[in-house]
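Engineer: With the hints as constraints, model all of the structure from the sequences given.
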Amino acid sequence: MPSKKPVFILITGITIGLPAQAQQQIQEIQVIGREVNMVGLALSASEGRVSYNELLQRPLMRAGDVLESVPGLVATQHSGNGKANQFFLRGFNLDHGTDFATTVDGMPVNMRSHGHGQGYTDLNFLIPELIGEIVYRKGSYYADVGDFSGAGAARMTSRDEFEDHSMSFGGGEYGFGRLLLNGSLNSLNGGLTYGLEHQSYEGAWDRVDEDVDKTNLWLKQVWEGAADRVAVSFMLYENDWNSADQIPARAVTSGQISKFGSIDPTLGGNSSRYSLALNWERDLSFAELTSNAYVIDYDMELFSNLSYFTSPGGDQFQQVDERQLFGGDVALAIPGQWGEVEVTNTLGAELRVDDVAEVGVRASAQRRIRDDIRLDSVDQRSVGLYWQSEQRWSESLRTVLGLRYDHFDFEVEALAALDSSSLAANSGKIDDGIVTASFSLMYAINDNNELYASIGEGFHSNDARGTTLRLDPIEGTPVAPADPLVSTLGSEIGWRVFFSNQVNATLALWQLDIDSELLFVGDTGSTEDTGLGSERHGVELTTYYQLNDAIGLDFEYSWTDAAFETAVDGNDSIPGALEHVISAGINLQPNDQFFAHLRLRHFDDFPLDGGMRADGSTLLNLRVGYEFNDSLSLSMDMLNLTDSDDHDIEYFYESQLAGEPAPVEDRHFHIFEPRSLRLYVAYRF
4 MPSKKPVFIL
14 ITGITIGLPA
24 QAQQQIQEIQ
34 VIGREVNMVG
44 LALSASEGRV
54 SYNELLQRPL
64 MRAGDVLESV
74 PGLVATQHSG
84 NGKANQFFLR
94 GFNLDHGTDF
104 ATTVDGMPVN
114 MRSHGHGQGY
124 TDLNFLIPEL
134 IGEIVYRKGS
144 YYADVGDFSG
154 AGAARMTSRD
164 EFEDHSMSFG
174 GGEYGFGRLL
184 LNGSLNSLNG
194 GLTYGLEHQS
204 YEGAWDRVDE
214 DVDKTNLWLK
224 QVWEGAADRV
234 AVSFMLYEND
244 WNSADQIPAR
254 AVTSGQISKF
264 GSIDPTLGGN
274 SSRYSLALNW
284 ERDLSFAELT
294 SNAYVIDYDM
304 ELFSNLSYFT
314 SPGGDQFQQV
324 DERQLFGGDV
334 ALAIPGQWGE
344 VEVTNTLGAE
354 LRVDDVAEVG
364 VRASAQRRIR
374 DDIRLDSVDQ
384 RSVGLYWQSE
394 QRWSESLRTV
404 LGLRYDHFDF
414 EVEALAALDS
424 SSLAANSGKI
434 DDGIVTASFS
444 LMYAINDNNE
454 LYASIGEGFH
464 SNDARGTTLR
474 LDPIEGTPVA
484 PADPLVSTLG
494 SEIGWRVFFS
504 NQVNATLALW
514 QLDIDSELLF
524 VGDTGSTEDT
534 GLGSERHGVE
544 LTTYYQLNDA
554 IGLDFEYSWT
564 DAAFETAVDG
574 NDSIPGALEH
584 VISAGINLQP
594 NDQFFAHLRL
604 RHFDDFPLDG
614 GMRADGSTLL
624 NLRVGYEFND
634 SLSLSMDMLN
644 LTDSDDHDIE
654 YFYESQLAGE
664 PAPVEDRHFH
674 IFEPRSLRLY
684 VAYRF
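For the sequence shown, the positions run 4 to 688 when the numbering used here is used.
One or more hints might be untrue.
To be verified - Cut-off 25 Å, straight-line C-alpha distance, at most; resulting in silico cross-link-like pairs (SDA-like, lysine to any residue):
hint, residue 1, residue 2
1, Lys262, Tyr548
2, Lys432, Leu488
3, Lys262, Asp649
4, Lys262, Leu603
5, Lys432, Val482
6, Lys432, Glu325
7, Lys262, Glu657
8, Lys432, Arg355
9, Lys262, Leu644
10, Lys432, Tyr408
11, Lys262, Asp648
It is worth saying that the hints were derived from the structure and are not from the lab.
Structural biologist: Below, the structure is given as structure tokens:
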């Protein structure tokens with residue numbers, strides 16, 4: 004295992020001029036659970052908001068962990084610190100994002116027809132300190148959410164401004180170091196907010212030095228007038244890393260490697276993302292106009308090895324994705340009257356174009372390319388139109404109707420394949436459309452209690468390469484293509500209470516049905532069709548309680564039952580569907596100088612392939628901070644406080660180690676990183 008030596012990197016930030024909340028000052032961190040009373044505002048009990056102050060208090064291992072602020076969502080990692088988290092929610096192993104739509108300042112994060120997986124959601128480009136708010140909406144009851152909407156959606160918005168100059172530095176065990184500059188300036192008759200981050204990390208692994216080299220830049224220019232707000236954002240993200248991927252249990256049991264070891268130490272990758280976004284809001288007197296436009300340049304190269312030596316040259320492979328995407332959306336919210344009934348009609352339109360120059364998978368060994376398994380170029384376009392109408396029948400009763408239409412065009416040009424005869428057959432064009440509808444009913448018992456009932460349809464698109472697939476690119480045998488669009492149907496009843504700025508609680512009972520579990524497998528370039536529908540239902544409970552001025556408590560519990568409609572070999576469980584998830588926190592702030600936040604995440608044992616089950620895991624993290632004066636503060640993260648050796652992720656499949664005569668079914672896992680200390684010092688002026 005590498006040395007625990009700390010690496011301290013200067014973190015410098017400058018903030019000048021614009022009035023706003025102070026930059027990460029302890030006296031401002033006063034979280035009263037989810038402090039916004041959403042009675043009379045939300046469409047369901049599983050809708051909520053996470054504030055900037057709450058995000059500041061959460062101890063984070065990786066940027067993608069911010070999504071664990073969504074109740075019931077688990078973010079794990081089975082690879083290096085440059086790869087997207089693996090997400091779990093409502094009985095889905097979302098892999099890296101399918102069926103959960105994520106946006107940042109109006110830009111989509113989910114990547115369609117991605118080289119690693121459909122809906123790939125890489126949040127490493129985020130600087131957590133610049134996230135102003137996260138709005139999450141679980142379920143498919145929202146007309147303004149289209150693709151990847153089955154399990155829900157999260158919308159992140161960045162801060163417009165900071166108040167203080169800030170200079171800080173941080174570092175920790177296993178070679179962790181972080182550089183951050185963030186602040187605001189008066190600029191171009193408006194305000195420019197910026198963040199610059201550099202992060203390095205060696206990791207705790209035996210044979211792999213992660214060598215994380217991550218840089219993020221975030222610039223946001225904001226103009227505000229009497230009727231307008233305009234924001235232009237530029238973001239830059241670059242990252243190189245090595246990976247310690249999941250390992251087979253038998254290799255650890257036999258002593259071949261330790262639990263921090265690797266079978267293939269040459270894995271890893273690099274990724275970059277550059278984006279420009281425009282957000283415009285305008286009060287038109289008769290309506291509210293909201294619009295977004297964006298252009299993104301994205302690139303990824305990833306080396307993985309899941310099964311090791313089932314082929315003579317080894318099983319390592321390279322996945323690539325090089326694309327540009329652009330698009331935008333516009334919404335017009337028009338208030339009016341139906342007789343005595345207050346009505347708000349919202350009309351919206353969305354456009355997205357993914358111009359993918361190269362996406363595919365190649366066989367490799369020690370990061371040297373051996374063969375093309377499948378390479379394609381993809382042109383994928385979509386247009387969405389929606390109408391959502393909210394009616395306020397009385398002070399207590401509201402209803403919301405939604406209707407949406409999406410049209411997709413897929414064009415695939417097969418560039419290379421292991422079986423070259425499949426190229427022409429797997430090239431082609433296809434288009435498809437889908438209509439979805441939703442209805443919600445909300446009844447407020449009083450200003451602090453509200454009941455909800457919702458039903459709605461959602462969908463996710465499948466990988467474009469799967470929609471035109473006719474021949475297996477490896478063997479050349481006929482295969483069935485995937486349906487371009489897969490629909491979902493969800494329903495939910497719930498209750499919300501907000502009492503005396505002290506208690507905020509919700510209870511939701513939900514169900515979600517999918518017509519067919521279809522998946523394009525990026526590792527092999529082929530389509531996996533279960534041919535089975537699936538059903539999911541569950542219960543979610545959240546409670547946020549401010550005991551007194553100094554102590555806040557929160558508790559989130561999710562139970563899910565997920566099953567295929569028809570059992571396969573006597574087993575109907577859906578692999579990777581977490582059944583019991585608990586998240587809990589204690590926030591202590593006895594005065595304006597000191598705070599502490601202890602956070603627990605637990606999920607119980609869950610089903611794997613072949614009727615096997617994985618053990619559950621429990622993770623405890625701690626963040627504490629002390630402000631010496633208005634200028635100087637110190638904070639500390641203690642990650643994996645109990646030094647647990649539980650598994651962050653676990654799978655069951657065949658692999659073959661060197662010297663084994665044939666593949667062996669086995670558990671493959673990625674262990675929690677060991678307990679580590681990270682210190683941050685901030686100087687503000």
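Engineer: Each hint needs a verdict: does it hold in this structure or not?
Structural biologist: The hints, checked one at a time:
no. : hint            : result
1   : Lys262 / Tyr548 : 39 Å, violated
2   : Lys432 / Leu488 : 15 Å, holds
3   : Lys262 / Asp649 : 11 Å, holds
4   : Lys262 / Leu603 : 23 Å, holds
5   : Lys432 / Val482 : 17 Å, holds
6   : Lys432 / Glu325 : 20 Å, holds
7   : Lys262 / Glu657 : 19 Å, holds
8   : Lys432 / Arg355 : 17 Å, holds
9   : Lys262 / Leu644 : 18 Å, holds
10  : Lys432 / Tyr408 : 20 Å, holds
11  : Lys262 / Asp648 : 9 Å, holds
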